[in-house]
Amino acid sequence: MQQGRPAPPPISPGPPPTPFEVLDRTLPPTSPWAIGARLISLIEKRGRSAVIFIPYVWLVLFFLVPFFIVLKLSFSEAVLAQPPYAPLLDLVDEAGNWYLSARFNLSNYITLLTDDLYVRAYLSSLKIAATATLLTLAVALPLAYAIARAPESWRLTLLMLIILPFWTSFLIRVYAWIGILKNEGLLNALLLGLGLISEPLIILNTNVAVYIGIVYSYLPFMVLPIYASFDRMDPSLIEAAIDLGCRPSTSFWKITVPIAFPGIVAGCMLVFIPAVGEFVIPDLLGGSQTLMIGRLLWVEFFSNRDWPLASAVAIVLLLILVLPIMYFQRSQARRAEREAPQ
Amino acid sequence: MKRSWISAVLSVLLLATVLLPAAAADRVVRVYNWSDYIDEAILKDFEAETGIKVIYDVYDSNDILETKLLAGKSGYDVVFPSGNFLSRQIQAGVFQKLDRSALPNWKNLDPSIMQLVTRYDPGNDYGVPYMWGTTGIAFNEEAVQKRLPDQKIDSWRFVFEPELLKKLADCGVYMLDAADEIIPAALNFIGENPDSKDPAVIEKAEAVLKAIKPSIRKFHSSENINALANGDICFAVMWSGDANIARTRAEEANKTFVIKYIIPKEGAQLWFDMMAMPKDAPHPKEGLEFINYMMRPEVIAKATNYVTYANANAASKPLVNKDILDDPNIYPPPEVMKRLFVVTPYDQKLQRLVTRIWQRVKTAS
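Going down the list, the protein sequences come from chains D and E.
Going by numbering that gives the first Met the number 0, 276 is the number at position 277 of the first sequence; the sequence numbering is gapless.
Going by numbering that gives the first Met the number 0, 333 is the number at position 334 of the second sequence; the sequence numbering is gapless.
It is possible that part of the hints are untrue.
[To be verified] Capping the alpha-carbon separation at 30 Å, the derived lysine-lysine pairs in DSS-like fashion look like this:
1. Lys278/E to Lys106/E
2. Lys212/E to Lys126/D
3. Lys181/D to Lys166/E
4. Lys337/E to Lys259/E
5. Lys165/E to Lys145/E
6. Lys67/E to Lys71/D
7. Lys106/E to Lys316/E
8. Lys209/E to Lys126/D
9. Lys284/E to Lys316/E
10. Lys217/E to Lys126/D
11. Lys254/E to Lys181/D
12. Lys217/E to Lys166/E
13. Lys165/E to Lys181/D
14. Lys181/D to Lys259/E
15. Lys106/E to Lys96/E
16. Lys259/E to Lys209/E
17. Lys71/D to Lys278/E
18. Lys145/E to Lys181/D
19. Lys348/E to Lys71/D
20. Lys196/E to Lys264/E
21. Lys212/E to Lys181/D
22. Lys72/E to Lys71/D
23. Lys181/D to Lys209/E
24. Lys259/E to Lys212/E
25. Lys151/E to Lys203/E
26. Lys337/E to Lys316/E
27. Lys166/E to Lys259/E
28. Lys217/E to Lys181/D
Simulated from the structure, these hints should not be mistaken for lab results.
Computed from a predicted model, the values in this text were never measured in an experiment.
Please work from the sequences and hints to get the whole structure.
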């Protein structure tokens, strides 16, 4: 029950100053404290634009700037100096006149195209990454489906089990596979003990070990997006299909997989893209014949001290990955437009 | 109350950035050396005696060190490149000349070794030799005898003749992953100048190496120690001191086999690891004190007794363990020394050729 009208709210003299504004006013204006306080109170006041601003700053600082540095490097020339490349832009003094000389050196890209080692390395990286992605998908699809169909109370635990390995260092987990796969390792001991094989299998230092390493390391990246799309699926769709006489296997391919398709695409990209440039797994588990672009990049950078060529290798790898993905996204967007209800 | 939480975190970060640089006024020296390459007690003794704190980091290949040095501002005061790398890095202008007046222990160095390293550092201006050794053959005597009965392992034939190496393939053969050590060895074996800078000559090594590639299980420069000591492999082209470490580890584990190391009769590469100081060393005074300390006979003898490599300190010889000093594979007698060769660095173009040959050999099936 209300007793009369409530008192009108007092007219406030504007919002009260934040603690950082107070700090700003009390400190000498040029002290680092005051500058910091000013920055923070600015963020507090303009929260919304700051939130949008931060990802842009992040992208510019940690993606665009490094990208342009690498791009610039890829056009320069390796020299024996500190740093080990020739400057791209140079001020030249010619008979008293100053010129800005720019030297674009395309020889690194020409080397990439003419030396078959690089072409072979790119192709073999793409092949290894594609195979590993398909293998990961084969493991992840049933796994994600099982988690999505598990009782509600179990799901969180099962998801945690997928994510749990991330809490240990990636490097240590890959090292652990050496102990499992080597000739006198756990796997061979188990198989020999069970009498399934009579001689140890040579797995370590082969491409098979690289596939195992990639599937193991990237599995969560595949499971999580697929699980997310399964999770949104309405189970009554399957029931309806079965009621209408559809066999379970057909309903899986006709209903479940198309629904999970965006998750499958996202998962495949999350696995394929880093796997192409993978260095640690082929280096530790692969043999000397495992030719991957990540290792070649290491050799160019560290053994040959050829930073410009290493940069060119990286730029070409980026193009190989970005162009098809952009094309794919565009065609996806067009398809969505076409299929959208008029 | 999210906002005040964010403010709190930001203010703590702010505090940290203002306060952190104020610390660290003590004397320090930053040292960057090969892994497993010093008796750590030496660092403790140095700290106790001088009050200079040693920040000690390790690497396992010359390439990693060189990349840091060429990038600049590595932050290290004393680094340990091998001779041919030192030579190239001197040309790149990475190092500063050492102030001899701050290095009174220089007098302890062996003049004949100092003469040898002028190949890399003319005038001995930039580097002080730390340890030196050879690149030869280490093997498990029992396993090799079984496969090659009545054969004395004394030659590069057992590495570079495909038929011979094939007999050892099943018990495991490792090779250093170092093009600038294996290619000269192959050239030396076929009677070419191991230090050749002629592309046509260097390319001759490719066929020799490709022919033996199928028998090589792995190219690696540090895993060979444990692999030999555990009996996982029986034959390796490796560095002298590492072979000694493998032998000691096998003995400690009471293995029944014996690991041996030989300098092949055709000759082997002689290499030196040098102490040098980058131009931009943040603590040059402390760095010189550290280098001078390492030139004390009793200190460097302690290091040699631990890592089983020969040092270049003549005055330290009486303090080195007798079994190390008398081991002809660690301190080779003069007639063996005559057969050893040194290799000077390749220029950028040749380096690319050498790495490319090495890549082709390693990825050949």
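Hints and how they fare:
1. For the suggested pair Lys278/E and Lys106/E, the alpha carbons sit about 24 Å apart, so the restraint of at most 30 Å is met.
2. In summary, the hint linking Lys212/E to Lys126/D is supported, as the alpha carbons are separated by about 24 Å, within the 30 Å threshold.
3. A hinted pair counts as satisfied when its Cα atoms are at most 30 Å apart, and Lys181/D with Lys166/E qualifies at roughly 22 Å.
4. Using a Cα cut-off of 30 Å, the hinted pair Lys337/E and Lys259/E holds, with the two alpha carbons roughly 22 Å apart.
5. Our distance criterion of 30 Å between C-alpha atoms is met by Lys165/E and Lys145/E, whose separation comes to about 14 Å.
6. Between Lys67/E and Lys71/D, the direct Cα distance comes to roughly 20 Å. Compliance with the 30 Å bound is thereby established for this hinted pair.
7. Proximity of Lys106/E to Lys316/E is assessed by CA-CA distance (about 14 Å); at most 30 Å being required, the pair is judged to hold.
8. Among the hinted pairs, Lys209/E with Lys126/D is consistent with the structure: their alpha-carbon atoms are about 25 Å apart, no more than 30 Å.
9. For the hint linking Lys284/E to Lys316/E, the alpha-carbon distance of about 28 Å falls within 30 Å, and the restraint holds.
10. For the hint linking Lys217/E to Lys126/D, the alpha-carbon distance of about 23 Å falls within 30 Å, and the restraint holds.
11. The suggested pairing of Lys254/E with Lys181/D holds, with an alpha-carbon distance near 20 Å, which does not exceed 30 Å.
12. Between Lys217/E and Lys166/E the CA atoms are separated by roughly 16 Å; this keeps the pair inside 30 Å, and the hint holds.
13. Taking the CA atoms of Lys165/E and Lys181/D, the gap is near 22 Å; set against the 30 Å cutoff, the hint holds.
14. At most 30 Å may separate the alpha-carbon atoms for a hinted pair to count; Lys181/D and Lys259/E meet this at roughly 25 Å.
15. Between Lys106/E and Lys96/E the alpha-carbon distance is near 17 Å, which keeps this suggested pair within the 30 Å criterion.
16. In summary, the hint linking Lys259/E to Lys209/E is supported, as the alpha carbons are separated by about 26 Å, within the 30 Å threshold.
17. Taken as a hint, the Lys71/D and Lys278/E pair is honoured in the structure, with Cα atoms around 27 Å apart against an allowance of 30 Å.
18. For a cut-off of 30 Å, the pair hint linking Lys145/E to Lys181/D stands: about 24 Å separates their Cα positions.
19. Of the supplied pair hints, the one linking Lys348/E and Lys71/D holds, its CA atoms being roughly 21 Å apart against a limit of 30 Å.
20. The straight-line distance between the Cα atoms of Lys196/E and Lys264/E is roughly 24 Å, inside the 30 Å bound, and the hint therefore holds.
21. For the proposed pair Lys212/E and Lys181/D, the alpha carbon gap of about 21 Å is at most 30 Å, so the pair holds.
22. Using a Cα cut-off of 30 Å, the hinted pair Lys72/E and Lys71/D holds, with the two alpha carbons roughly 21 Å apart.
23. The straight-line distance between the Cα atoms of Lys181/D and Lys209/E is roughly 25 Å, inside the 30 Å bound, and the hint therefore holds.
24. Between Lys259/E and Lys212/E, the direct Cα distance comes to roughly 23 Å. Compliance with the 30 Å bound is thereby established for this hinted pair.
25. Under the criterion of a C-alpha separation no larger than 30 Å, the hint pairing Lys151/E with Lys203/E is consistent with the structure, at around 27 Å.
26. Distance check on the hinted pair: Lys337/E and Lys316/E sit about 21 Å apart at the alpha-carbon level, within 30 Å; holds.
27. Only pairs whose Cα atoms come within 30 Å are accepted, and Lys166/E paired with Lys259/E is accepted, the gap being roughly 18 Å.
28. With a CA separation close to 13 Å, the supplied pair Lys217/E and Lys181/D stays within the 30 Å bound.
The structure agrees with every numbered hint stated previously.
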